[in-house]
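Novice: What follows is each chain in one-letter form.
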Amino acid sequence: MSPAISLLIALGLGLAGWLVARRRAYRFLQESQTGRIAALPNYHGWYAALWIAVPMVLFLLVWEAVSGQFVLAHALASPEARALPDSGLLRDRMISEAYNLASGASTTAYSNEARALAEPFREAMLRYDLIGLAIAVIIAGAGAAWAFLRLRPEAKVRTRVERIVLLGLLLASLVAILTTLGIFVTLVFETFRFFGMISPIDFLFGAQWNPDPMSNAANPDPNRYGAIPLFWGTLFIGAIIAMIVAIPFGLMSAIYLTQYARPRLRRWVKPALEILAGVPTVVYGYFAALTVAPAIRDLALSMGVDNPSSESALAAGLVMGIMIIPFVSSMADDSIAAVPQSMRDGSLAVGATTNETIRRVLVPAALPGIVAGVMLAVSRAIGETMIVVMAASTAANLTGNPLEAMTTVTVQIVALLTGEGSFDHPATLAAFALGFVLFLVTLALNFIALRVVRRFREAYE
Amino acid sequence: MNDTSASTVPPTAPTRTVAFEKRLKKRYAAERRFKMMGLGAVVFSIVVLVFLLVTMTINGLGGFQRAELSVPVDLSQAALSIDEPVTNADEAISSLQRQGLPEVVQYSASEALGDEAADQLASDAWRVVADEIVADPSLVDESRTYWLPASEDLATALTGSGQTNLQPLARELTANGALADRFDPGFLTRSDATDPQMVGIWAALKGSILTMIVTLALAFPIGVLAALYLEEYAPRNRWTDLIEVSINNLAAVPSIIFGLLGLAVFLGLFPNLRSAPVIGGMTLALMTMPVIVISGRNAIKAVPPSIRDGALAIGASPVQVVFQHVLPLALPGILTGTIIGMARALGETAPLLLIGMRAFVATPPEGFTDNATVLPMQIFLWSDEIDRGFVERTSAAIIVLLAFLLLMNGLAIYLRNRFEKSW
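Heads up: the sequence lines are chains Y and F, in that order. For the first sequence, position 328 matches number 328 in this note's numbering, and the numbering has no gaps at all. For the second sequence, position 116 matches number 116 in this note's numbering, and the numbering has no gaps at all.
Only chain Y is shown next, with the shape it has when bound in the complex (with noise of 0.2 Å):
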């Protein structure tokens, strides 16, 4: 069944909860000598739906978890179960042939087996759907029976609603601390199995990288694991060429549009500048890989360079800065525009030349904040995955040269985890290691530029 029409009924039975016990409660109010009771009728409502719903949603999630297990040790107790090869891959495949077969995912299976295993599947799914159906449908009345038992005209439904309510705020704002807690986790366990097969010292220091999906998974070759090249790659990518673009771009639009710029130019350009920002990267990707790429090998070509590569890390980066550009413009902009007028005024009072004031007065005061704004943009660069996975190549290149194919880690964690392998191979799980190295780098470029900005705001404030 699907998990739809389960919330459909278990929503179904709350509202019905919930209109009966309303109805109930102005029976109380017209009943009641002073003609008031303890709380709003709707509340009355509430408490019943809430005491019918929600348990029974909590059961059905739970169900959709675990039943998954019944059915298949139920469709592998039966006698067509045991035409199946005894373990491997084969097995696999037949078993999740026939759950697709029998869930209706697909219409056609290529094994006999299969075949005939999805009957006793679709069998254990019904059976088991019923089954959970109707605990579910046990719970719910268990709810209500205990909901109305406690409805009366003195009950104080109102303050229980309200602390569920609370509770849901509470719960809902846990979600974030559940969802670093998860990433968090997830990337530890992954990295620490990585590093039971490769050690961490070949990983963070070797400089050979070529990790094989297809190779022995018991008995990795940790010379292949060295991530150094695409450390740099990601660096010289993200946080060099693409901040050569994005820092002096950003930084004089800033200023233009802050201190020269006629109100009304600001008002066309800076809504253009956050264009630039929305614009998907799977566009700028595209752009990249099918317009700067060929235009910037033919440009070698004709400066005389042999044999260009065609995927440059150049390409990647230019395009990386430029969408980078508005990002740092709004973030410069808003530390100028936190330097006080005062000083402004004072620089302008003395003689000096609009742009002495803000090259020595207003870039120097709004610095941590400039500062602060490129760690983000950096963390924002080495993180950027669309861009360089269609412009940037696979191929692991440590070289100071722009003109050559490199690799990043974001490219390496697409590539690796979007082939074939297993997720017992460290080839896979390398993915997770580059993820946690891309995970705690940023973090730390968050964490840093936050501080920065916090402690400059105070000194003005």
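These aren't lab readings, by the way, just hints derived from the structure by calculation.
Using 30 Å as the maximum straight-line C-alpha spacing, the simulated DSSO-like pairs for lysine-lysine come out as follows:
1) F:421 to Y:270
2) F:421 to F:301
3) Y:270 to F:301
4) F:22 to F:35
5) F:35 to F:25
6) F:35 to Y:270
Based on the hints, put chain F in the right spot on chain Y.
Specialist: The following block gives chain F in isolation, referenced to the frame of chain Y:
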């Protein structure tokens, strides 16, 4: 009287020596240069933006067209029949195929255009005729001219590149008016295919819509409730600090990390839902939620305390104050932030790449658990195709994606202007 003689001071002050004048000139020149550099930076950004949009538009306009051959088909002689009423379009089409419609179309084409041109009809060209018959069964007795898709090779030849032996044929057919680039409305209604002449974006668009529904259904309530808690109830202690720090960090975590989380956790729990909109939507929801929380908190903070005090004063409980007074007033601001967050999620590719939404999807997903792809992913997949025809199709898909994003951002700006209040 001596005082008036003071008015005969020289026109330039004595401090304005020649060196001073020179220095001043230099400073003014530096000022102008600096200003020009600033203007240059702004102009550069705008030029790049315009260049990007213009190249995409020029390339993409071609993607909404395809090379089509005009073929007169006399269906009355083919004695096709179609069951009335047409209950199932798929069945009707396969019945027409069994009755020999492909052969009829092929024969008509070689009669009208010659064998060489008929060979350059796309292999699925008869489906265009079949679709029209299903839409209007009376066509089976009529003779009509259909515009049918040409093969990819002929389409390339029409642009003056590709196989040299086809180029004279393409020129001849164009001169006869039998071959032309025609607007292809089917690009929006068909799904992915291996032939660029036959592809469309409907499956990807539908996948995007389904994914966005899941994202919105999860991220919006959770984001708003979390924002309400943090802004209205949360005591100042270590716990709320921790929540705040993790929300701010999540907003800055690279999107690919969310893909790793989705891969390890969601696909670990539901291995059968690989590349389904539910999983994609859940992953994107985790990414969008912090954006909604941050913008929601700002909107809630902007509601003046007097509103809360007024409601509390007439006996509302804190929960009633928040849900009946603060939330409605903050909602426009929260919606603006939500739309911006959703626009970002709509353009996101990297996390979905990791959770396997890169499959070739030729049938639009029926529900939240079907195999699906999304619009940015379709762009990514097409950009890897080597066929020349896919370049234009990719740009056309990009135009559609950008149009959606502009629409969403426009809506956000409209909402902001319409409901912006200053208390």
